[in-house]
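Peer 1: Those sequence lines, one after another, are chains A and B.
Heads up: the first sequence begins at 221 in my numbering, then just goes up one per residue.
Heads up: the second sequence begins at 221 in my numbering, then just goes up one per residue.
Worth flagging that the hints you see were computed from the coordinates, not collected in a lab.
Everything numeric in this text was worked out from a predicted model, so none of it was measured.
The reader is advised that the hints may include incorrect statements.
Pairs count within a copy or across copies, as identical chains cannot be separated in the list.
Claimed, not checked - No more than 25 Å apart at the CA atoms, straight line, and that leaves these computed lysine-lysine pairs for DSS-like: (1) K441 <-> K335; (2) K455 <-> K329; (3) K455 <-> K335; (4) K493 <-> K577; (5) K434 <-> K283; (6) K527 <-> K348; (7) K368 <-> K455; (8) K581 <-> K541; (9) K493 <-> K283.
Number of protein chains: 2
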Amino acid sequence: MEVSTNQIFNFNAGPAMLPAPVMQIAQEEFLNYRNSGMSVMEMSHRGGYFQEILDRSLINIRKLLNIPDSYEVIFCSGGATAQFTSIPMNLLDENETAAYSLTGVWSNKAYQEAKRFYPNVVSIFDGKLSNFSEIPELTDLSIPKNSKYAYITSNNTIYGTRYSRFPKLSIPLIADMTSDILSRELDVSSFGVIFAGAQKNIGPSGLSICIIRKDLLHERKSAIPVILDWRVTAKAGSLYNTPPTYSIYMAGLVFEWLLEMGGLSSIEKINEKKASLVYNALDESEFYRTFVPQANRSIMNVVFHLKDSNLDSKFVEESEKYGLIGLKGYRDVGGMRASIYNAMPLEGVERLVSFLKDFEKRWA
Amino acid sequence: MEVSTNQIFNFNAGPAMLPAPVMQIAQEEFLNYRNSGMSVMEMSHRGGYFQEILDRSLINIRKLLNIPDSYEVIFCSGGATAQFTSIPMNLLDENETAAYSLTGVWSNKAYQEAKRFYPNVVSIFDGKLSNFSEIPELTDLSIPKNSKYAYITSNNTIYGTRYSRFPKLSIPLIADMTSDILSRELDVSSFGVIFAGAQKNIGPSGLSICIIRKDLLHERKSAIPVILDWRVTAKAGSLYNTPPTYSIYMAGLVFEWLLEMGGLSSIEKINEKKASLVYNALDESEFYRTFVPQANRSIMNVVFHLKDSNLDSKFVEESEKYGLIGLKGYRDVGGMRASIYNAMPLEGVERLVSFLKDFEKRWA
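Throw the hints in and build the complete structure from the sequences for me.
Peer 2: Below, the structure is given as structure tokens:
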């Protein structure tokens, strides 16, 4: 059964695989970036080399997502957790309210954090009632009229679900896209704010990117911690303080790789193909189970269970020998999870499918 | 005059040079960490490989600084700017006060940020009166009795000054050691909290380390943004959210390098030798000037001026041809600055001294 290969495929949910060509370039330039005699890691964030890296990566993410000029794009340090506080603090004044759709652990965390500072925020959907297998249609939700924004997590890493559509709402839609940004085409103009921690489809952890409709960047009545204040970061062109320079460089390489791949329409097709291969293998089998309805299946995180959970540890053990790393499911959900972000090559998915069949044959 | 060498010496104030042996290891392991088939950048922060990296780096920084068990050590995302808010929020309740010694731009920023949330904090020293060339003796300062802590910046990157001594105060002493942590021996027990952004003596930017006396980690009356709450990070062993994993790995390599060098007593001797070489060359000359009194000269950042500032741009231009990068002074101070952190080899300082003499000979 063991495959004779040195290539490991890493199905971790994040930090996750990065595109092989990106890693190659980064290694080659690691000690000496473009004959500067320095690593990007060693460069001043105020110097010409880094400014060029920063400018280029911002231009390229704008290109990839076709971001209108009416949106600001900033890099922040920290991941989504930092943004869970930034969002209400940058968008609400005291006693104001916002509407959170709770489709999983991360939207819940965002909601709980907002509630600590703005007790009037409300939940408009509770996925717990369906064990988080369901995702509502945004237009079906009843959003209180005085809500300043509606908040969603576009893709739920843990439960393997996603919003398939993002209709235009009458209030700003705020989306945590940490686990599916840059995986599919997107109409940015449907959103007030899009943010994402980098560690899944963008680059190393410790960096997040925020895309903010400019009219939302206005003064708040209460003080905001300077590091969480989007206006400060935006005004300084993401250089108010020393940003995570190396992570921005890596993100820039990922953006270039995506553009060379043909942009988001191309990567979306590849991602759909990869996801179909896995879901089809699961659907065809009586040995594996999935709980997510077709319409809301994530194309980034495929969550599945073995019918016989006694085989779980065997499955993980054998998959690792097969060169497939990180398939164990999230602790609260159990079962398995295959995270197949942009960087996962088709070959990795094919190996997974072949392992699924092989394992079933031997243990069914 | 030009030196025939490919080796560049990088005198940037930060992000700054990293130790050459560390960069070599990091490059070698970049694509495949210890036969895992993955880059450290691609590994789950919940997996065994990363946990071992994290544990080892925490053990090693404890060893280096001989940190007592009564102190917690945590990694946070972001640099010192995030901590400027964390400090008062984690240490003060509403209307309480703390005493800030303002010896430069960074202590001023920390003070201004604290004042936005705790208007009762006070300044106990204003370096502006001496153009920031002076550093007070801490025991000379009159600290209001109700102050919950005293705050200092141990080394001022911009002005090239430092506190030479850290006496034990009756209230917790909080020190921003971003630009001189790990450069000299230190009695941690003199401090309530030590924190440092990584990008000078620790590793890549986007990471900070906090060393906190455990008794200071108690509940506050007001809510603290989760990402700024030391207790949350401490309780989760720096894994509450996805930390900047690659930066922690790099920091760990730097700690190991320092231990191999013989620890802080050894690096301190080397740093003193390097700083003396530069200061002596400046003191011996009529062509260059320094403003910092002997007792408070930083051994990390040597700030100096050419007597004739018309030669400044010439100096920078020629130094770059000489393989010396980043000598231009901070924008508000002018002149020159040589940042000679732990990673700057003696050879780099010798080349700088040789350039100082050569330039003077030709332009005096």
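Peer 1: Okay, which hints does this one fail, numbers in order?
Peer 2: none
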